[in-house]
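2 protein chains.
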Amino acid sequence: MMNSDKYPSKLLQDAVESIGTLPGVGRRSALKLALHLLRQPVENVRHFTSSIDRLRNEVKYCSVCRMISDGDICGICSDAKRDRKTICVVESVQDVMSIEKTRQYTGVYHVLGGIISPIDGTGPSDLTIDELTARVSSLASEFPPEDVEVIFALSGDVEGETTEFYIYRKLAPYHIKVSALARGLGFGDDLDYADELTLGRSIANRQIFKP
Amino acid sequence: MMNSDKYPSKLLQDAVESIGTLPGVGRRSALKLALHLLRQPVENVRHFTSSIDRLRNEVKYCSVCRMISDGDICGICSDAKRDRKTICVVESVQDVMSIEKTRQYTGVYHVLGGIISPIDGTGPSDLTIDELTARVSSLASEFPPEDVEVIFALSGDVEGETTEFYIYRKLAPYHIKVSALARGLGFGDDLDYADELTLGRSIANRQIFKP
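As given, the protein sequences belong to chains W and G, one line each in that order.
When the letters of the first sequence are read in order and numbered with the numbering used here, they come out as residues 1 to 211.
When the letters of the second sequence are read in order and numbered with the numbering used here, they come out as residues 1 to 211.
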């Protein structure tokens with residue numbers, strides 16, 4: 001009775017299918033969102049779609065750290081107050097934003113653009129590891145290598161550890177300092193509720209008590 | 001340190017703000033969706049935005065029932081097997097789709113485009129009530145009025161009832177049949193869990209037992 005058995009309009013069906021490709025958006029929500037957009041003024045919808053098109057087509061990546069940026073070099077890399085000898089290695093743009101929110105970090109970043117994952121078919125050459133190695137090589141000739149530090153801030157799973165180990169070996173020839181995010185119980189966490197792995201590592205990696 | 005204190009790119013910020021205007025999408029999810037779109041191939045993003053633009057700019061509304069449609073008359077109104085003397089009055093496009101899914105209804109529809117709501121500032125003139133009256137007037141002159149039926153399928157709240165009553169009075173001069181969706185306990189519902197209003201009306205509107 002209806003086109004395509006379900007949708008009263010091919011245009012609606014196309015929009016619902018497109019919106020349904022977004023992660024976490026099912027068919028039902030996609031329909032709700034399409035009908036919501038249909039009720040908005042034409043200029044609002046045009047602004048909605050053009051802001052997405054512009055993001056995808058015009059965004060740049062910092063030539064130093066691969067963070068997204070409006071210019072050739074991002075705001076962090078071009079900030080003279082940041083310590084460019086300290087590089088925090090993260091998987092994604094979102095990780096940079098999370099760490100920046102803490103206001104605890106004054107070094108710079110390197111965005112890998114993913115993590116080594118044989119299952120997903122992501123190998124070292126798909127990531128910005130060569131660019132990181134080049135940065136470290138250049139810093140290690142400009143400064144005493146022991147003043148240069150790379151901090152791993154990757155996920156704590158097997159893939160994160162594989163990626164860390166791969167990069168660690170790549171950077172070994174430069175004799176710089178390599179560190180990783182502290183892992184342990186969260187602040188305020190109760191011992192009762194901690195999983196065994198976290199608790200075990202928390203004991204093994206215990207820190208000097210500084211009251 | 002970053003543009004706008006939070007976002008590494010104005011383009012990202014614009015896209016996140018646009019996506020965040022969607023109902024049920026918070027800032028955090030909007031950022032996730034923007035970064036997701038950024039990782040997709042350019043042509044996929046172009047297809048995504050153009051399907052939304054086309055929906056908003058090119059969709060038509062059926063000149064008879066106001067359902068969205070690719071042509072001047074929708075698939076339901078142009079289907080000779082549907083009984084055009086029976087008109088189910090609904091608030092929205094989505095309601096038509098819900099009722100169609102039941103495969104229980106063989107009449108046609110009338111989409112009001114909203115509901116009378118003084119709080120939201122929606123009055124009768126914002127809805128397609130005049131068009132409905134014209135349809136009924138024309139049917140009541142073409143057929144015996146008692147063969148023409150309008151079925152109210154609006155929400156069961158005060159606004160729905162206000163709208164039903166308003167339309168009921170508008171249609172009174174044509175002496176057609178007017179009905180409303182059956183309301184009562186849901187099929188399989190337990191008496192224990194029914195709210196008092198539903199249970200009370202369910203008793204008052206009890207139906208002849210047909211085993």
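It should be emphasised that the hints constitute simulated quantities derived from the structure, not laboratory data.
One or more of the hints may lead you astray.
[Unchecked claim] In silico EDC-like cross-links for lysine to aspartate or glutamate, where the CA-CA straight-line distance does not exceed 20 Å:
(1) W:10 <-> G:17
(2) G:60 <-> W:17
(3) W:32 <-> G:95
(4) W:101 <-> W:83
(5) W:101 <-> G:91
(6) W:60 <-> G:43
(7) G:10 <-> W:70
(8) G:170 <-> G:142
(9) G:6 <-> W:91
(10) W:10 <-> G:100
(11) G:177 <-> G:192
(12) G:85 <-> G:70
(13) G:85 <-> G:147
(14) G:32 <-> G:58
(15) G:170 <-> G:91
(16) W:10 <-> G:72
(17) G:10 <-> W:100
(18) W:85 <-> W:130
[As the list claims (entries may be wrong)] Here are a few chain G residues that face chain W, going by a calculated C-beta distance under 7 Å:
(19) 36
(20) 37
(21) 39
(22) 52
(23) 126
(24) 138
In this text, a Cβ means the ideal position worked out from N, Cα and C, and glycines have one as well.
Outcome of the hint check:
1. W:10 <-> G:17: 29 Å, violated
2. G:60 <-> W:17: This hinted pair holds, its Cα atoms lying about 19 Å apart.
3. W:32 <-> G:95: 11 Å, holds
4. W:101 <-> W:83: Given pair residue 101 of chain W, residue 83 of chain W holds - Cα atoms ~17 Å apart, limit 20 Å.
5. W:101 <-> G:91: 44 Å, violated
6. W:60 <-> G:43: 18 Å, holds
7. G:10 <-> W:70: Holds, at about 7 Å.
8. G:170 <-> G:142: With Cα atoms ~19 Å apart, residue 170 of chain G and residue 142 of chain G stay inside 20 Å; holds.
9. G:6 <-> W:91: It holds: about 19 Å lies between the C-alpha atoms, which stays within 20 Å.
10. W:10 <-> G:100: Holds - the C-alpha atoms of residue 100 of chain G and residue 10 of chain W are around 16 Å apart, at most 20 Å.
11. G:177 <-> G:192: 35 Å, violated
12. G:85 <-> G:70: 23 Å, violated
13. G:85 <-> G:147: 7 Å, holds
14. G:32 <-> G:58: 29 Å, violated
15. G:170 <-> G:91: Satisfied, since the Cα-Cα distance of roughly 17 Å is no more than 20 Å.
16. W:10 <-> G:72: The hint holds at about 14 Å.
17. G:10 <-> W:100: Given that 20 Å is the threshold and the Cα spacing comes to 16 Å, the pair holds.
18. W:85 <-> W:130: 17 Å, holds
19. 36: Residue 36 of chain G check passes; min Cβ-Cβ to chain W is 6 Å, inside 7 Å.
20. 37: 6 Å, holds
21. 39: Violated, about 9 Å.
22. 52: 5 Å, holds
23. 126: Nearest chain W Cβ about 12 Å off; hint violated.
24. 138: For residue 138 of chain G, the interface hint is violated, since the closest Cβ of chain W sits about 23 Å away, which is over 7 Å.
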